[in-house]
Structures are given as structure tokens and as C-alpha cells.
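Student: Let the sequences and hints guide you as you build the complete structure.
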Amino acid sequence: MTEKVLMCGNEAMAEAAIQAGLDAYFGYPITPQNEVAAYMSKRMPEQGRVFIQSESELAAINMVFGAAATGKRAMTSSSSPGISLMQEGISYLAAAELPCVIVNVMRGGPGLGNICPSQGDYFQSVKGGGHGDYHCIVFGPASVQEFADNTALAFDLADLYKIPAIILADGIIGQMMEPLTIPKKSGTKLPKKDWALTGAQARKQNIVRSLWLADGAVERHNYDLQAKYRQIEKNETRCEQYKVEDADIVLVAYGISARISRGAVEKARELGIKAGLIRPITLWPFPSELISKAADESRIFLTVEMSCGQMVQDVRLAVSGKAPVAFWGRPGGGIPTVEQVLEKIQEIVKKPDKKK
Amino acid sequence: MMQKVFTRPAALKDCTTHYCPGCGHGIAHRLVMEVIDELSIRGKTIGIAPVGCAVLAYDYMDVDMVEVAHGRAPAVATGMKRTNPDKIVFSYQGDGDLAAIGTAEIIHAAHRAEQITVVFINNAVFGMTGGQMAPTTTLGQITATTPDGRTPARHGYPLQVSELLAILPGATYVERCALCSIPQIKNAKKALKHAFELQMNNAKGLSLVELLSPCPTYWRMTPPDAMLWIQNEMTKVFPLGKLKG
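These protein sequence lines map, in sequence, to chains A and B. When we follow my numbering, the leftmost residue of the first sequence carries the number 1180, and every step to the right adds one. When we follow my numbering, the leftmost residue of the second sequence carries the number 31, and every step to the right adds one.
Source of the hints: derived by calculation from the structure; they are not laboratory data. For clarity, every value in this text was computed on a predicted model and none was experimentally measured. It is possible that some hints are incorrect.
No more than 25 angstroms apart at the CA atoms, straight line, and that leaves these computed lysine-lysine pairs for BS3-like [as the list claims (entries may be wrong)]:
id: 1; chain 1: A; residue 1: Lys1372; chain 2: B; residue 2: Lys74
id: 2; chain 1: A; residue 1: Lys1383; chain 2: B; residue 2: Lys223
id: 3; chain 1: B; residue 1: Lys74; chain 2: A; residue 2: Lys1383
id: 4; chain 1: A; residue 1: Lys1472; chain 2: A; residue 2: Lys1453
id: 5; chain 1: B; residue 1: Lys117; chain 2: A; residue 2: Lys1372
id: 6; chain 1: A; residue 1: Lys1371; chain 2: B; residue 2: Lys117
id: 7; chain 1: B; residue 1: Lys117; chain 2: A; residue 2: Lys1341
id: 8; chain 1: A; residue 1: Lys1383; chain 2: B; residue 2: Lys117
id: 9; chain 1: B; residue 1: Lys74; chain 2: A; residue 2: Lys1341
id: 10; chain 1: B; residue 1: Lys43; chain 2: B; residue 2: Lys223
id: 11; chain 1: A; residue 1: Lys1383; chain 2: B; residue 2: Lys43
id: 12; chain 1: A; residue 1: Lys1368; chain 2: A; residue 2: Lys1407
id: 13; chain 1: B; residue 1: Lys74; chain 2: A; residue 2: Lys1371
Computed beta-carbon distance windows for the label pairs [said to hold, decoys possible]:
id: 14; chain 1: B; residue 1: Asn232; chain 2: A; residue 2: Gln1380; range: 16 to 26 angstroms
id: 15; chain 1: B; residue 1: Pro199; chain 2: A; residue 2: Ser1220; range: 20 to 30 angstroms
id: 16; chain 1: A; residue 1: Lys1306; chain 2: B; residue 2: Ile212; range: 55 to 65 angstroms
id: 17; chain 1: B; residue 1: Ile197; chain 2: A; residue 2: Lys1183; range: 51 to 61 angstroms
id: 18; chain 1: A; residue 1: Asn1293; chain 2: B; residue 2: Glu68; range: 52 to 62 angstroms
Cβ coordinates follow ideal geometry from the N, Cα and C atoms, glycine included.
Tutor: Right, here's the structure in full:
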């Protein structure tokens, strides 16, 4: 499939997963991502692959765990409250080093919140979410095309690093329709899954586990995980920069907020304000180094999120006091407008009077 | 010439277990591994260890195994079996795992007619955490969290999960056996073998064998008394026999 197709984000992502060689999809209904299960329930059986509507998100993530433990490509998708239920399983997946893909089409929270787009689950996704010292690779797609592309890449990176990968989309990315090219299977050479549970036929028993009772064993396991995380930080940090070079004010935003912020950057430039945009594509690993470098020149940062300020903490850590970091955001399903972001930019940077 | 008439099953590792003296897990492990040997399925079997006393079952059972979150084994088994229909998938779960925290997962695995085998160890108590009340704790039974004995008013009634499962069309075979005497242990092995054979023969649906199993430590009894307690008391609440299939 190389031609452009017009699809909503949820379906585009689902098709990209199928093209990436998805063996099994497990999910429980929740808005705003129900298009995924509906699409999978038709397409997966057509391909002779597995689709199960589970009894809960707890069950869904554990079905993913089971399929992944046998070396199959497995995924689930949900939205914020459902992802909360999955955190137990995600911690176990991270601990047992099982590759899989988890899609979160974020909605307003906390609690049942609403079904409007939000970015309130950033902390949950990039800081762990479940118990213990662990990370998942986290993508923050900003278009339907990127939602599909990130998903395809997520399967490869999950397999390569034996790690769960999360696609942190939001209700807009999931619901809106855009033209895209469905990515083909990458063909990337990946390590053989010789750890998988396939039956101990003419080989020693394989064990997939997360319990290490021997003295110091969990500590060693944690250091091994951390060494892997450092490798991922080194190799897999992805970020887009837009007009940052000469910018006096650098916006930092991901997902749909980055699309809105880019509009604001254009408007600001029309008004003579040198604005730029840093758009993290991977939220973990976070492009801290790049942001730190950008902070070496005298600039002001403005983080824009559909939350009360979560990623801004990572921006501040990266900037490390070298420059001021402002925040503007809307929580609980409120969507920022270009005008609102522009107003904030103008408030921060004194508007240059060209006519003077 | 001497003839060897009794030996350790090949699928059971030659090591000392962490189980308490008189615990039923040793018998149950051995029976399951004997069945796997006799059916020659070691090379295509995947086992699931629970959270509970049997969490380290993979240290004793020499088959491919996974250890999963508390109660979630039937969901994990579902993911495994659906993506690997040619493999034999079994979960080994205690009463806390299966009848308390994992109630939804076992009911729905049966409800979906998942083609898996479940070995359900019922010893009427949470063993690993120090002998707290389980859903299967009998009335009057003293545990760490029912110091005056279980009463219906304060703690509810013992939960008969096998009976619940047996009414579901997706449960193909449900039998309750007891590890309390030689004839009962022999019967338990027959039941386990049948449960695995059903899966091998692609009988659509879940097969489950509940094993009433002694926990002398937290019943505060000698191992022989624990066996007698199963025979005389526990079977009154959990009657033995085939519930389905």
C-alpha cells in the first residue's frame, strides 16, 4: 500500500500495526479509541490472526503478556482510565522484558473525566505508571501519518530492546481523518527471540519471570534494565525542530499541541517575533540534550500542553536553570487555540514595534 | 537383576523444594509432571506459575514456564493459546490467585471456552503471605485474619468456584479431587490426565481440576491430621467428584 489513503487516526494506526506483522490484538471498549477494536475485529480474522475483546483492560494487558511471552507481536489499545487499569501488567511486561505495543488515545481526566482529547497521562507514561524503576519507550504522534509510522517503528524497537512501547496519542489524533501512506513492514533485522516460550523441545527450559528472590538479584536486574535504558536514550531519542535556529522564544510541545503550537509559531513570525518549535517525537527517551543545547543561547522557552503542566517539568530539568521556562496549557479536554498560544507568546516576548 | 519400578518424572527437576513439610504442592507438582511425561508433551507445553506459594513452580517443573501477576494466569493463558493453538497451555493456581483476585479472569476464560487446562489448588488459606483467610476458607476455620474463626456474618461463605465454572457452556470438564489419601491421589492423577488429554484432542473449552490440598503449617496441624481434615471436614464444603464433563 503506497498510495495515499484517507483514514481516521485510530484505523490508520490499526492498519499500520497489521502491516507491521501484528499477531494478536486484545482490547476492551473505551471511548475515544473504539474504532481500533472494530477495525481489528474485522481485519485480524481476515488475516488469520487473533482478535479478542477481553473482559477488562487487566485481562487485555495480560493477554498481551501471554502472547508476547511466546514471541508473538501483540498489542492493546485503550484510553486513559483503561490504561490506568493496565499499569500492573505494564510493570510486569517491563520487568519480564517482553516486547509489545500499547496505544493510549488520551481523554480528559482524572477519574472518568470526559471523552475529550487530553494530554493528562504524560507523567503516567514517561515516569513509569506502574510500580518499580522502569521505562517504556513512549511516542507522541502529531498527525495521523505519524500515529501509523510510530506504531510500525514501535514494534521494531520493542522487539529490539525487549521493552513495552507506548503510543501516547490523544482524542484528536485518534479521531481526525488525514491522508496518509500506510507504512510497510520495515524488514529491519531483529534479534532472534530465543527466550520465547515455545515448548522446551530439544533445548533447556525457558522461563519468563519478574520475581528474583536471591540476595541482590533484583538489584542486579534493575541495573541491567537501567543499562538498557541508557542505550535506548543514546540511540532512539527522536525530535523535530522547526525554526529554532534564530528563535528568541522556543515552544516545546508534542502531539496535537505541537500542531497548534506550530500554527502559533507561524503567526508570531508574521508579527516579527522570532519563535521556534521543538517537538519531541519520543517522550521517553526525552530530547533533553537537544533542549539543553538550545538553552545555551539566550532564549525563552514556552511549553504548551493539554494538561496543567507535566512535560514542562522535563523541559525545566533539561534547561536546568539556564533559561526561563514558561507554561501554557488547558486540562480536562480543553483544546488550546492558535490565538491563545500566540497571546501567551506575545505576553512573554515584548512585541517588537516595527513601525518605530 | 534389579528392576527400577519407581522414579522421578523426567519433567520434575531433581531438587529440594521450598514447600513446608506435608504441603500438597509437592504431590500436585509430581502428578502434573507425571502426566506431562506420560502424554509425551513436555516439548510443546507452556506452564503458568501463579502468585502464591507455587510462584517458583518453574524451579521444579522442567517445562517452559512464565510467572504472572496475581490472578491473571487465565488471561495470560488465553494470549498464549490463541496465538499458539498447537501448544499445550496450563495454569497452576492457588485459591487466593484463582478464587479471590483472579475471579474475573477464570470465569471469563471459561466463558470464552478457552482451550486451556487449569490446575486449581484449594488449601482454604493464603499460604505465602502467612495464612490469611481465602475465599475458600471454611466456616469456623481460624486464620491469620479470622482469629475467632470464619463467620458468615463477618466474612461471608466459602466460595465454590468449580461449581460456578461448571454451569458455563465454555467449561468442558471440571472435577474436584483431593490429595488426602492414596486412592484420592490416584484419582487426582486420572483427572489431571483427562484434563490434558482433552486439550490435546482439541476439545473446545476449558478443563479444570480442583485439588483439595493440605496446608499443615497454616491449619496448625500435623501432616497426617491435615490429610484427615481434608477427608472429614473440607470435603463437606467442597464435595469431591466430577462437576462437568
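Student: Against the earlier hints, flag every one the structure doesn't satisfy and list their numbers going up.
Tutor: The structure conflicts with no hint, since it agrees with every one listed earlier.
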